[in-house]
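> Each chain is listed here by its residues.
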Amino acid sequence: MTPAISFCDLTVSYGSRTVFAHLTGEIRARQFVGVLGPNGAGKSTLLKTLAGLIRPAGGVVEIDGKPVRRRNEAIGYVPQAVHLDEDVPLTGRDLVGLGLDGHRLGFPLPSRRRRDAIEAALAEVNALHLADRRIGRLSGGERQRLLIAQAIVSKPRVLLLDEPLNNLDLASTHQVVDLVKRLAHEGQMAVLLVAHDVNPLIGRADEILYLANGRMAKGALDDVLRPEVLSGLYGYPVEVLRAGGRIIVAAGAIDGHGHAVSAASPEASVMLP
Amino acid sequence: MTLGWLGEALASAPVEHALVAGTEIAFLSGLVGAFVILRGQSFAGHVLTDVGTTGGAGAYLVGMNGWLGFLSFGVVASVGMELTGGRTRGERDLATGVVLSLALGFGALFLYLDAQLAHANASMAVLFGSLFTLDPALVPWISLAAAACLVAMLLIWRPLALASVNPDLARVRGVPVRAISVAFMVVLAVAVETDALVAGSLLATALIVGPAATAARFTANPLRAGLTGGLLGALIVAASVLLSYDSYTWLPQHTSWPVSFFVAALAFLAYAAAAGADRATFRRRAEVELR
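The listed protein sequences correspond, in order, to chains A and B. So the first sequence is numbered by the working numbering: it starts at 1 and just counts up by one. So the second sequence is numbered by the working numbering: it starts at 1001 and just counts up by one.
Think of the hints as simulated: they come from the structure by calculation, not from any bench. Just so you know, not all the hints are guaranteed correct.
[Unchecked claim] Chain B stretches covered by chain A per the calculated footprint, using a threshold of three residues with CB under 8 Å from any CB of chain A:
#1 1006–1018
#2 1149–1163
#3 1222–1228
#4 1231–1245
[What the hints assert, rightly or not] Across the chosen pairs, the derived CB separations fall in these ranges:
#5 B:V1076 <-> A:G106: 43 to 49 Å
#6 A:F107 <-> B:A1115: 56 to 62 Å
#7 B:V1139 <-> A:F107: 24 to 30 Å
#8 A:H185 <-> B:A1179: 35 to 41 Å
#9 A:C8 <-> B:V1076: 42 to 48 Å
Every residue gets a Cβ at the ideal spot worked out from N, C-alpha and C, and that includes glycine.
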């Protein structure tokens, strides 16, 4: 079976700086992959390249066996939580509708089919009760679920989420990750979710794609988050600490000068030596 | 006020021109205002009025038509801000602020020179509006500009909305986000700069933000908020024109109050009433939920 996403020998550079080079891999339908790595490793860049928004310096990206192109309804894209003022005149229903036909000219004409598609997407993310609420007055988690509904209303084959868990509280984080997992498994989608922290993904993501130092490791969580694998990626000793079911990735911990490189807070990974 | 008075007002050519041009541009402004709120760009709208001041004052200085002065500066500034600004809201505000101070500097120079070089009324006309002294030859052009912008707005409505709330998804779906943003800024510039004729450059944003913000209190749908805001804006301008005409008989006698005062006052009253009504229903709903 053709993988939903495949990329081969992928290299992306900004000017003279290479973000990552020669990445090869594939993600099948029904697979939920968490993308991890320190700040600046190119997690969002990888996502945008797979979405066809960034032209790689080398290599190819294929969606469903065909080279990725613009004007793509096979890809759903969820950004970081967007900030909108309380009184912005936009309801959950409007937001989701834009995912269906927002690329078309003119304004939306009401139709039975349009309404049914929007309500089906809202039901998928358990947000039917938010349909007529203003999005500026919702919580971060509620808004994120609506953005996911917006991304999946066109029934894409691929769902890309760029740091959707930022600024969410713990309960909302788990709710969103559980939702994404269910969408991947029941909705037949290939899902890539960029996150700062591995912990919400434990037991939920099928695979981890770890980016660091321009290289990548991909596989089951327990196979990737191992000291020898990550040390090989970073190019210096890295420890993987497990405590109470949680995981902390730390650089150079053996000599007592440990720095977390992938912990709950994004700032933790800035302190790389 | 009697019907005879109203008939007399409507028979007057300057009043008729003011009503036609004013209500058309106010409708466009309300429609545009819904997106100004959605995109968080009221600061950019405000800057365009300041840039317009410079254009308008410069136009008086060289004996050019005031509207064209407002318009040319506003359109150039709007495109410039959109193209030089970064992608984040913060970067955009910085670029906007830089354009603003430069424009205001030239505005100060031009207004000063206007006052020195025999155009003593120029600063009043530029800052507070000159709807009743509108050149009749301009009226059809204003109508044309408003109609063209209206059609453009309705055409780019959906892609603009998607690009405003989720630019990355918009790009994935093939929406030319940059081009659409520039197109919106040009429409915003036309609306703002023509409002400057009605309400003066100091109060032009009252017609962009006021009616749309009022409408947004009633309805949460962008298209409905835009259309309601447009109708409300047109009503406010029509009422302001007639009140300004009537104020000739008010105190002090034989001096009309400026249209811009009525526009600002009515826009504020409408917003305050809507906010009050909205709060009242909100409280009532909260009480029902508590029970």
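> Each of the hints needs a verdict: does it hold here or not?
Evaluation of the provided hints:
1. 1006–1018: violated (count 0)
2. 1149–1163: Coverage by chain A holds for the region 1149–1163 of chain B (8 residues, Cβ < 8 Å).
3. 1222–1228: Check passed, 4 qualifying residues.
4. 1231–1245: It is violated, with 0 qualifying residues against the three required.
5. B:V1076 <-> A:G106: 43 to 49 Å: 29 Å, violated
6. A:F107 <-> B:A1115: 56 to 62 Å: 47 Å, violated
7. B:V1139 <-> A:F107: 24 to 30 Å: Holds: the Cβ-Cβ distance is about 28 Å, inside 24 to 30 Å.
8. A:H185 <-> B:A1179: 35 to 41 Å: About 39 Å separates the Cβ atoms of A:H185 and B:A1179, which means 35 to 41 Å holds.
9. A:C8 <-> B:V1076: 42 to 48 Å: Because 46 Å falls inside the window, the suggested range holds.
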